[in-house]
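Chemist: With our numbering applied, the sequence shown corresponds to residues 1 to 355, in that order.
Incorrect hints may appear among the rest.
[Claimed, not checked] Restraint-style ranges between C-beta atoms, simulated for each label pair:
#, residue 1, residue 2, range
1, 323, 231, 55 to 65 Å
2, 279, 172, 24 to 34 Å
3, 50, 145, 37 to 47 Å
4, 132, 276, 16 to 26 Å
[As the list claims (entries may be wrong)] Subject to a maximum C-alpha distance of 25 Å in a straight line, what follows is the list of computed BS3-like cross-link-like pairs (lysine-lysine):
#, residue 1, residue 2
5, 113, 127
6, 124, 113
7, 113, 131
Derived by calculation from the structure, the hints in this document are not laboratory data.
Built from N, CA and C at the ideal position, the CB exists for glycine as well.
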Amino acid sequence: MARPACLLTALLALAAPLHAGGPSTPQAAIDASSAAMFEGDGPRALAALAAVPDAQWSGKELAYRQCLQGRFGATPPPAPASTSIDDIAVRQVLGSYQRYWWAALREPAQRAKAESGLLAHLRKQLKVDAKAAPTLDDIEPLVEQTLAAHGWHAQLGVTPPLRELMLWHAQETRPFVVPLPDGPQPVDVDLLSDFASYGWSSFARCDRGSNGGWTTDTKLFAVLPLYDGGVDGEDFRVVFLAHEAQHFADKQRFRNLANWELEYRAKLVELAMADTVRERRLHYFLTSQGDDTNAPHNYANRRVIEDLRTRLGASPETVPVAALQAAARAQLQADTQRRLAATPAATSPNATQRM
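The task is simple: from the sequences and hints, build the whole structure.
Modeler: Structure, rendered in structure tokens:
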């Protein structure tokens, strides 16, 4: 599999920033907690959950709160989140990543120390020294080879802000032609299934959501179990396929787009095509925003909403579906024309873009 280029995935679950006065309901607290976890900030996530009184929590919301508090409030770290792997060598590698995620999320300021600990554990497990693998980037090909030898596919690299490990058994390749606003885009998609690890974003939120997929120079990769309705559902066709196909097309068409610019354009495509998933995606764009370009999804969300609000003269969630779709298409077209005028076309694709 092509190596990742350390770009953020679009995550399927909803998220929201902390409100000025703190969240007032369990759902608002969960949204705020998720937003904090997307930025690798466990203490802020726990603070959001603690801001809502105990008496308001029940059912699945309470179970989620208890899981997150138990996982990241515990010292020493809790048992690995996945015990479904019989192979000891593979289980040890996953355990090393889970301990690293736990440490990095609990103490964001100590993230570099947590990465050093991960590297030390992997060297020991793979029986390589510092000369052979001086950095995590150097050891990850060996990790991937080891996992493949034991029958597992893996996605490594970085999903900012943390190192990634996704593990799955099964995949098949299928061709698609995606009807993007700028024209049809043919792509090959690897449909992935039978997962043992959905990566750090799932671990960080007690399996409430996960990375939905990613793009390489040659194909797309879809985490199929996450999409209701399979490949025929709108979740897959819009949230994954159209989003990722736009990344694929943009990397062939333009040079050096920043991560947030890739996400900005792909999110406009989602809104230009979404119908049944429109409300959920808009909620995510509206409630998970930020000013830091190093958190490209949150920053792109803010830019998308601001630009559509200006174009529509109203907040995007208040207009009919057709009006929103038309505005998103017009905004994308305007962005494309601006970039074509200012940026030379790329001669070949590069990099890996995760959803």
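Chemist: Given the proposed pairing of residue 113 with residue 127, does the C-alpha separation stay at or below 25 Å?
Modeler: holds, 21 Å
Chemist: CB of residue 50 to CB of residue 145, is that within 37 to 47 Å?
Modeler: For residue 145 against residue 50, whose Cβ atoms are near 43 Å apart, the range 37 to 47 Å holds.
Chemist: Is the Cα-Cα distance between residue 124 and residue 113 25 Å or less?
Modeler: Within the cut-off at roughly 17 Å; holds.
Chemist: Do the beta carbons of residue 279 and residue 172 sit within 24 to 34 Å of each other?
Modeler: Given about 32 Å between the Cβ atoms, the range holds.
Chemist: Indicate whether the distance between the beta carbons of residue 323 and residue 231 respects the range 55 to 65 Å.
Modeler: violated, 29 Å
Chemist: Is residue 113 within 25 Å of residue 131, Cα to Cα?
Modeler: holds, 19 Å
Chemist: Taking the Cβ atom of residue 132 and the Cβ atom of residue 276, is their distance within the range 16 to 26 Å?
Modeler: violated, 51 Å
The structure shown violates the earlier hints numbered 1 and 4.
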